[in-house]
Amino acid sequence: MTTSPRAIRLVAGHEFRMRLRTGRWKWLLGGWTLIMLMFTWFLSVSLSNTRDVTYYYGGGTTVQDNSSIGPQMFGILMLFVLGLMLIISPTLTSQSVNGDRERGTLATLQVTLLSPTDIAIGKLLAGWSVGLLALALSVPFVVWSLIEGGVGVLNAVVTLSVVAVLIGVICAVAQALSALVTRSISSGLLSYLVTAALTIGTLITYFLALSMTTEDKDVKVGGDSYGMERISHPEDVWWLLSPNPFVVLADSAPALPPLHADDGRIISRSDDPLGGIRRSVRDMTRPERVGPCASPGDVYGGTFGNPVYPPCQDDKEPPPVWPWGLGFDVLLGLGAVTVTVRRLRTPATRLGRGVRVA
Amino acid sequence: MIEDAQLIDHPTLAENGIVAEGVTRSFGDVWAVRGMDLVVPYGQVTALVGPNGAGKTTLMLMLATLLTPTAGRLRIAGVDPAVDPVAVRRVTGWMPDTLGMYDQLKVHEYLEFFAEAHRLSKADKARAVPELLNTVRLYEYGKAPVHVLSRGQKQRLALARALIHRPRVLLLDEPASGLDPRSRIELRDLLRRLAADGAAILVSSHILSELAEMADRAVFVSAGQVVASREMTELAAVGADQLIAWRIRARDPKALESALVERGLSGGAVTPAGFELPPMTEDQASDLLAEVVGAGVRVLAFGPVGTPLESAYLALTEERR
Chain A
1 MTTSPRAIRL VAGHEFRMRL RTGRWKWLLG GWTLIMLMFT WFLSVSLSNT RDVTYYYGGG
61 TTVQDNSSIG PQMFGILMLF VLGLMLIISP TLTSQSVNGD RERGTLATLQ VTLLSPTDIA
121 IGKLLAGWSV GLLALALSVP FVVWSLIEGG VGVLNAVVTL SVVAVLIGVI CAVAQALSAL
181 VTRSISSGLL SYLVTAALTI GTLITYFLAL SMTTEDKDVK VGGDSYGMER ISHPEDVWWL
241 LSPNPFVVLA DSAPALPPLH ADDGRIISRS DDPLGGIRRS VRDMTRPERV GPCASPGDVY
301 GGTFGNPVYP PCQDDKEPPP VWPWGLGFDV LLGLGAVTVT VRRLRTPATR LGRGVRVA
Chain B
1001 MIEDAQLIDH PTLAENGIVA EGVTRSFGDV WAVRGMDLVV PYGQVTALVG PNGAGKTTLM
1061 LMLATLLTPT AGRLRIAGVD PAVDPVAVRR VTGWMPDTLG MYDQLKVHEY LEFFAEAHRL
1121 SKADKARAVP ELLNTVRLYE YGKAPVHVLS RGQKQRLALA RALIHRPRVL LLDEPASGLD
1181 PRSRIELRDL LRRLAADGAA ILVSSHILSE LAEMADRAVF VSAGQVVASR EMTELAAVGA
1241 DQLIAWRIRA RDPKALESAL VERGLSGGAV TPAGFELPPM TEDQASDLLA EVVGAGVRVL
1301 AFGPVGTPLE SAYLALTEER R
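So the protein lines, in turn, are chains A and B.
Sequential numbering of the first sequence, starting at 1, is according to the working numbering.
Sequential numbering of the second sequence, starting at 1001, is according to the working numbering.
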């Protein structure tokens, strides 16, 4: 069946208009803005209060931290926005199909010249745009963290876009569930379970899987046994964590410029939550280091006829994880749209249990 | 009815908005429609009559391109809805028995949305919406939100929606339920007018009295099957040997009752409208009336119970019991 941008626009506009007229959107969006305001404000105050710390690092050198609170504020704020959006998004579309069936308005739409694709995509866009509206309301607070300095505009644009895509994915999945499940209460619950599976579920699965890769290995250095070490293989199971929205968000955010100590050495940043997640997730993609290693400052490696230890720090950056995660999530969303379209196809041969056409 | 069968391969396809042959539909183990044959000619109002659960709505859903038949053949305006549902939707207007509406919209917005969903041009939309609001007497409610409408007004709005794209085939599922008498008369007049313009109209109902006035033909369905299809004129002419129920009312109910008991006619229901009598032919009924009047009972009213359609319906379902 055909689909046209005009028809999709018609359905989306129609649905969006009704959404704005239903419920207490003004109150909800107002409450949302208030929560964002309070959170950002408290965040900036508390971060400013903890700014007087001194970093210590190798060799007894100290660095007085006079860096801006921007990166930390931005990172925490984005994780918070994503978290709130993940709570809101399932409700946006989790009744979009079965709710209309219950109200008896779906069939009147299906007998028009609108195709199932028009209806599915139009409805999805309407739900998604409400989510994007909420996201747009958080932009001023993101700008606030940019003004604090240390984070580029590109960084904000990329992370906000990733959140926008993830909202769409959750909306698409919730909509598919509303097309598959007869009762809107059940589909609402299921869509929260899917969101929980993506966030907490991936984390639990990853750590359970990781524990199963554990083995005791006889570590050999230059042919001599160095001893038994218990190691696990995150490089085999890292992908389980990759669809996690928080992982996708943190890993896709462009890296902040490195911090330099007085002597020009690079110190790892501890003020960048997104970067912290990024590093730990990317490190999972390569095997754990076993046996002794040599840091740049170490001198004994190789001097007394001992084998030269491999360097502790890999000079090669591990590859990013987010393309896999985001790719998986987007495919999940596209699959969900396909399911919705299929379930909206008429004349229907099979009906779900308890479904009344009209 | 067998008399309607084999029409799909017949040249009469051009004369009929709807032709159904052996149409069957099951939901799991439940057979809602079991082999219905039906024709709905252009220019006529055809009534689909039957008790609740007879399969009327399921048939309507199949005709409205929402359900595929499990078996059997369907042609709507000459097109098989399973093959080209879009072509069928272009020419078919459907009014469901459920009143699903978008309560948040204004009445005119509601119709405008469906006009666009049917891809009406801007000019057609601008013309059709006020015209239809006028037709269904909702013009002054155009700017009111849909949720303030009464049930009957919503019913009329649903009818306007079904008519928005000037369909040649009209499927109306219980259109008169919830309508006040005046709206019912207007519905009848509107349907007669649309039929006169050449539309093929199928109206389902179990309220028989309202169908009697608006339909040309009646198709009786029961337990998922068509049990009879009759011309309305044929039904109106009560056959001399046909048994129908009668009702009698007198000034003095006691005197009437004793006169009836004397003739072995007790036990019928007593309503404010009078005593209900068992089925009799017209001859038997006029004999009884003469006797009762002759016995000195002052009779006020005497006549068949319900419409010919009702009598036919009761007789047809009686046969099946």
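Source of the hints: derived by calculation from the structure; they are not laboratory data.
Don't take every hint at face value.
[Unchecked claim] Computed Cβ-Cβ distance ranges for the label pairs, DEER-style:
{"hint": "1", "chain 1": "B", "residue 1": "Gly1043", "chain 2": "A", "residue 2": "Ser186", "range": "44 to 50 angstroms"}
{"hint": "2", "chain 1": "B", "residue 1": "Gly1043", "chain 2": "A", "residue 2": "Trp27", "range": "36 to 42 angstroms"}
{"hint": "3", "chain 1": "A", "residue 1": "Leu29", "chain 2": "B", "residue 2": "Asp1124", "range": "58 to 64 angstroms"}
[Stated by the list, open to error] List of simulated lysine to any residue pairs, SDA-like, C-alpha gap at most 25 angstroms:
{"hint": "4", "chain 1": "A", "residue 1": "Lys26", "chain 2": "B", "residue 2": "Leu1190"}
{"hint": "5", "chain 1": "A", "residue 1": "Lys26", "chain 2": "B", "residue 2": "His1206"}
{"hint": "6", "chain 1": "B", "residue 1": "Lys1125", "chain 2": "A", "residue 2": "Ile231"}
{"hint": "7", "chain 1": "B", "residue 1": "Lys1143", "chain 2": "A", "residue 2": "Lys220"}
{"hint": "8", "chain 1": "A", "residue 1": "Lys316", "chain 2": "A", "residue 2": "Leu259"}
{"hint": "9", "chain 1": "B", "residue 1": "Lys1106", "chain 2": "A", "residue 2": "Gly104"}
{"hint": "10", "chain 1": "B", "residue 1": "Lys1106", "chain 2": "A", "residue 2": "Glu102"}
{"hint": "11", "chain 1": "B", "residue 1": "Lys1154", "chain 2": "B", "residue 2": "Asp1103"}
{"hint": "12", "chain 1": "B", "residue 1": "Lys1106", "chain 2": "A", "residue 2": "Arg6"}
{"hint": "13", "chain 1": "B", "residue 1": "Lys1106", "chain 2": "A", "residue 2": "Leu20"}
{"hint": "14", "chain 1": "B", "residue 1": "Lys1154", "chain 2": "A", "residue 2": "Gly104"}
{"hint": "15", "chain 1": "B", "residue 1": "Lys1122", "chain 2": "A", "residue 2": "Lys220"}
{"hint": "16", "chain 1": "B", "residue 1": "Lys1106", "chain 2": "A", "residue 2": "Arg103"}
{"hint": "17", "chain 1": "B", "residue 1": "Lys1254", "chain 2": "B", "residue 2": "Ala1236"}
{"hint": "18", "chain 1": "A", "residue 1": "Lys217", "chain 2": "A", "residue 2": "Leu113"}
{"hint": "19", "chain 1": "B", "residue 1": "Lys1122", "chain 2": "A", "residue 2": "Leu10"}
{"hint": "20", "chain 1": "B", "residue 1": "Lys1143", "chain 2": "A", "residue 2": "Gly104"}
{"hint": "21", "chain 1": "B", "residue 1": "Lys1106", "chain 2": "A", "residue 2": "Thr2"}
{"hint": "22", "chain 1": "B", "residue 1": "Lys1106", "chain 2": "A", "residue 2": "Leu113"}
{"hint": "23", "chain 1": "B", "residue 1": "Lys1125", "chain 2": "A", "residue 2": "Ala107"}
{"hint": "24", "chain 1": "B", "residue 1": "Lys1154", "chain 2": "A", "residue 2": "Gly99"}
{"hint": "25", "chain 1": "A", "residue 1": "Lys26", "chain 2": "B", "residue 2": "Arg1192"}
{"hint": "26", "chain 1": "A", "residue 1": "Lys316", "chain 2": "A", "residue 2": "Ile231"}
{"hint": "27", "chain 1": "B", "residue 1": "Lys1125", "chain 2": "A", "residue 2": "Arg6"}
{"hint": "28", "chain 1": "B", "residue 1": "Lys1154", "chain 2": "A", "residue 2": "Leu259"}
{"hint": "29", "chain 1": "B", "residue 1": "Lys1106", "chain 2": "A", "residue 2": "Gly13"}
{"hint": "30", "chain 1": "A", "residue 1": "Lys220", "chain 2": "A", "residue 2": "Asp236"}
{"hint": "31", "chain 1": "B", "residue 1": "Lys1106", "chain 2": "A", "residue 2": "Lys217"}
{"hint": "32", "chain 1": "A", "residue 1": "Lys316", "chain 2": "A", "residue 2": "Ser252"}
{"hint": "33", "chain 1": "B", "residue 1": "Lys1143", "chain 2": "A", "residue 2": "Arg24"}
{"hint": "34", "chain 1": "B", "residue 1": "Lys1122", "chain 2": "A", "residue 2": "Thr105"}
{"hint": "35", "chain 1": "B", "residue 1": "Lys1106", "chain 2": "A", "residue 2": "Lys316"}
{"hint": "36", "chain 1": "B", "residue 1": "Lys1154", "chain 2": "A", "residue 2": "Met18"}
{"hint": "37", "chain 1": "B", "residue 1": "Lys1154", "chain 2": "A", "residue 2": "Leu20"}
{"hint": "38", "chain 1": "B", "residue 1": "Lys1125", "chain 2": "A", "residue 2": "Ser252"}
{"hint": "39", "chain 1": "B", "residue 1": "Lys1125", "chain 2": "A", "residue 2": "Leu10"}
{"hint": "40", "chain 1": "B", "residue 1": "Lys1154", "chain 2": "A", "residue 2": "Asp236"}
Ideal Cβ positions, reconstructed from N, Cα and C, are used throughout, including at glycine.
Hint check:
no. : hint                                     : in the structure
1   : B:Gly1043 x A:Ser186: 44 to 50 angstroms : holds (48 angstroms)
2   : B:Gly1043 x A:Trp27: 36 to 42 angstroms  : violated (55 angstroms)
3   : A:Leu29 x B:Asp1124: 58 to 64 angstroms  : violated (38 angstroms)
4   : A:Lys26 x B:Leu1190                      : violated (44 angstroms)
5   : A:Lys26 x B:His1206                      : violated (46 angstroms)
6   : B:Lys1125 x A:Ile231                     : violated (72 angstroms)
7   : B:Lys1143 x A:Lys220                     : violated (84 angstroms)
8   : A:Lys316 x A:Leu259                      : holds (19 angstroms)
9   : B:Lys1106 x A:Gly104                     : holds (18 angstroms)
10  : B:Lys1106 x A:Glu102                     : holds (21 angstroms)
11  : B:Lys1154 x B:Asp1103                    : holds (10 angstroms)
12  : B:Lys1106 x A:Arg6                       : holds (22 angstroms)
13  : B:Lys1106 x A:Leu20                      : holds (14 angstroms)
14  : B:Lys1154 x A:Gly104                     : holds (13 angstroms)
15  : B:Lys1122 x A:Lys220                     : violated (81 angstroms)
16  : B:Lys1106 x A:Arg103                     : holds (17 angstroms)
17  : B:Lys1254 x B:Ala1236                    : violated (33 angstroms)
18  : A:Lys217 x A:Leu113                      : violated (66 angstroms)
19  : B:Lys1122 x A:Leu10                      : holds (14 angstroms)
20  : B:Lys1143 x A:Gly104                     : holds (23 angstroms)
21  : B:Lys1106 x A:Thr2                       : violated (29 angstroms)
22  : B:Lys1106 x A:Leu113                     : holds (22 angstroms)
23  : B:Lys1125 x A:Ala107                     : holds (22 angstroms)
24  : B:Lys1154 x A:Gly99                      : holds (20 angstroms)
25  : A:Lys26 x B:Arg1192                      : violated (48 angstroms)
26  : A:Lys316 x A:Ile231                      : holds (22 angstroms)
27  : B:Lys1125 x A:Arg6                       : holds (16 angstroms)
28  : B:Lys1154 x A:Leu259                     : violated (68 angstroms)
29  : B:Lys1106 x A:Gly13                      : holds (15 angstroms)
30  : A:Lys220 x A:Asp236                      : holds (22 angstroms)
31  : B:Lys1106 x A:Lys217                     : violated (73 angstroms)
32  : A:Lys316 x A:Ser252                      : holds (18 angstroms)
33  : B:Lys1143 x A:Arg24                      : holds (22 angstroms)
34  : B:Lys1122 x A:Thr105                     : holds (24 angstroms)
35  : B:Lys1106 x A:Lys316                     : violated (63 angstroms)
36  : B:Lys1154 x A:Met18                      : holds (18 angstroms)
37  : B:Lys1154 x A:Leu20                      : holds (23 angstroms)
38  : B:Lys1125 x A:Ser252                     : violated (48 angstroms)
39  : B:Lys1125 x A:Leu10                      : holds (14 angstroms)
40  : B:Lys1154 x A:Asp236                     : violated (62 angstroms)
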